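Chains as they are written, first to last, in our numbering: chain A, 1 to 416; chain B, 1 to 416.
Check before you lean on any hint, since a few could be wrong.
[To be verified] To give a feel for the contact side, a few chain B residues facing chain A, derived at Cβ under 7 Å: (1) Pro71; (2) Lys104; (3) Gln213; (4) Leu233; (5) Lys331; (6) Leu400.
Hints in this document: simulated from the structure, not taken from any laboratory.
Everything numeric in this text was worked out from a predicted model, so none of it was measured.
For each residue, glycine too, the CB sits at the ideal point set by N, CA and C.
There are 2 protein chains.
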Amino acid sequence: MKLYHGNIVYSKTREELVECQNSYIAVQDGVVEGIYPVLPEKFAGLPVTDYGEGILIPAFSDLHVHAPQYPQRGTAMDALLYDWLHGYTFPLESKYKDLAFAQKVYDAFVEDMIAHGTMHAVVFGTIHPEATGYLIERMEKAGLHAFVGKVNMDMDSPEYLCETVETSLKETEQFLEKYMENKTAKPILTPRFAPTCSWKLLKGLGEIGKKYQVGVQTHLVESRWEAEHSVHLYPECGSDTGIYEHAGLLGNGPVIGAHFIFPREDDIRLLKKYGGYAVQCPDSTLNIIAGIMQTGALSDRGVNIGLGSDIAGAANLGIYSQIARSVQLSKLKEFYEPEGNRTITFAQAFWMGTKHAGALFGNVGSLEPGYQFDALVIDGITDPFHALTPSQSIERFCYLGETGHIKARYLAGEAV
Amino acid sequence: MKLYHGNIVYSKTREELVECQNSYIAVQDGVVEGIYPVLPEKFAGLPVTDYGEGILIPAFSDLHVHAPQYPQRGTAMDALLYDWLHGYTFPLESKYKDLAFAQKVYDAFVEDMIAHGTMHAVVFGTIHPEATGYLIERMEKAGLHAFVGKVNMDMDSPEYLCETVETSLKETEQFLEKYMENKTAKPILTPRFAPTCSWKLLKGLGEIGKKYQVGVQTHLVESRWEAEHSVHLYPECGSDTGIYEHAGLLGNGPVIGAHFIFPREDDIRLLKKYGGYAVQCPDSTLNIIAGIMQTGALSDRGVNIGLGSDIAGAANLGIYSQIARSVQLSKLKEFYEPEGNRTITFAQAFWMGTKHAGALFGNVGSLEPGYQFDALVIDGITDPFHALTPSQSIERFCYLGETGHIKARYLAGEAV
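Isolated chain A, as found in the complex:
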């Protein structure tokens, strides 16, 4: 049994941010046992780690991040999407055929993600099985909850990143078999997006998904172009999301659709039907001029929404900053498209970045009893001349926080 003292903030529901001032949290075998305003008699004599005015919050979940694009973050942001992909991103991704290069980047990526307080993530690799294997092993070794995918793409891509259907399917199946039994970092199918995947590839991936009962991540209705082009390619599917349903890729495990900015009704219906997550990546959609997700309206309609850093569409690994940006963009969405859209609250955005997204991985993302103790201690965010409540401090942390404000990090009850 381990005991910690401080202030505690976590999401209970979409609307309710719970704050426990000056309280104790008891952790048994890496799992929260309870929160107490006064230390109970049963714990008398046990040592307490005292964080004083510090605030314990759950670690964050990043539902969309391209690990191989980590070296590119925050550069060439003036380039428009096509130039950015073909001039920078794709050439960079091709370097992951070199395992030694991949190891260096992925070590740094994982360390930096933890430094930013993210302990759970849904991650794109590249087409390269060895490099992506190293990434999933690295995350498993760190004990991070994750879904990690070897990317599939066999058309309309640069030659040096284009697979044959046969190789793509074979290597994907080998990747699944090798890592299916991982404890925390699990494999996931990762067709890049419909415009770069032939029907034969998608259908083959659907069969693999069914056989291994493994989920799928992809980019869904990210841009107007993608939303229209995908349905133009596969008109019988009715919607971008329908393509994945027709291919048999939905219903085998988690469904993660990054961006989800221009959904048809059918996209929304299907995402809800399969309990999928739409992932808002606020900074990224600013940078690549994709528009703004209708976060508030979709959430009101029962669509699961999480947040993503989308490195390197965006630069910052901190999901806390994306929580603030998500509130900001919901305001701009309402300003420009008042019909049906509404501003979301800080509490709602925090829930999307912690408890709600964490549910994808198991009992992580909250500090309620029964949840794995994946936690951060936030401190140094308040001023001596102006008292803030713990939840006000956490709001401020999301708006202006730096990694230096994260004074301690816990993963499954162990300090990291």
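Based on these hints, arrange chain B on the given structure of chain A.
Okay, now just chain B, sitting in the frame of chain A:
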């Protein structure tokens, strides 16, 4: 003579970001003497401070910041503007009648501004002359270039912040007389905005402005409501900016109009006529749902544009983050209002946050010969596995930088 070695990046023009790799910068009596790829013979034997791979850049200029709102940053961001002002901001501003409170806040504010690499600022105080006097003295003592204003407001404001015209004018004149001879932190007239100022007050301030040849800062066409309400109050003036011209407030010194989101043609004409600066405050206009300045189009038309943190409409004192946000918002502006708007480049935004804004204060904001050596050393922003040019590194710094990446700060040639 002091010598520094490292990489050097600064704006030469709106379009041209200069980078000098592996170079020397010579500083004589706090002013840049020259930049040299190889150390000239004349400096042989002099000690060199070597920043290695570090990058020297000019310090930033923040053209719109409310120092008294510093304690409020990053809290209550869910509140809409009216509730935010009346529930949080105005009650907080009333506390500055207590000089001891003001001293604590303003000390922390100035230290934090410097920590974020801002050495030049246009600052709102409150209506309180003593507290605002402490602020301007504090900035003068630190050697920061600044324009600092005692706020004027005499109508449509909470009773506890409302002045009489007579007191407001008398205390403003005393404030000017006391600080006119300051070396770096100068007084500026600061009518809050037209909706809270009677004509008698504005006219009186215009006379003071003429008498002392001192400029003006205010909020200009920040919201649709303000743009319309101001002209409704003073219809004979033709535009929000016209009100200040009619009152005699333009043409006496610097003219700083914060936000400038909904200008009429007349606002643009007048701002250009008087060489005024429109200040974009990107995070703030996201938070308070004001819309997006037409930064690219206005700049193309020759309007001077600087950047502002607008604490506490926004939370972050780092102008570097607002440089990135300004690029991001210009993209969204083009997405939602393609007519006449265009995306700005990183180089343009960096120029707005450094050299162009710095011109308000004198020879600051660049590292060209003759400029005061107000500089920052940026380091720890690159990865060992992926080379970046110095200007790519500075772009990344603006997108994801933390105060910890600023390894050294110089003000007039002295380390601070």
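Right, here's what the structure says about each hint:
no., hint, in the structure
1, Pro71, "holds, 4 Å"
2, Lys104, "holds, 4 Å"
3, Gln213, "violated, 36 Å"
4, Leu233, "violated, 25 Å"
5, Lys331, "holds, 4 Å"
6, Leu400, "holds, 4 Å"
Hints 3 and 4, counting from the list given before, are not met by this structure.
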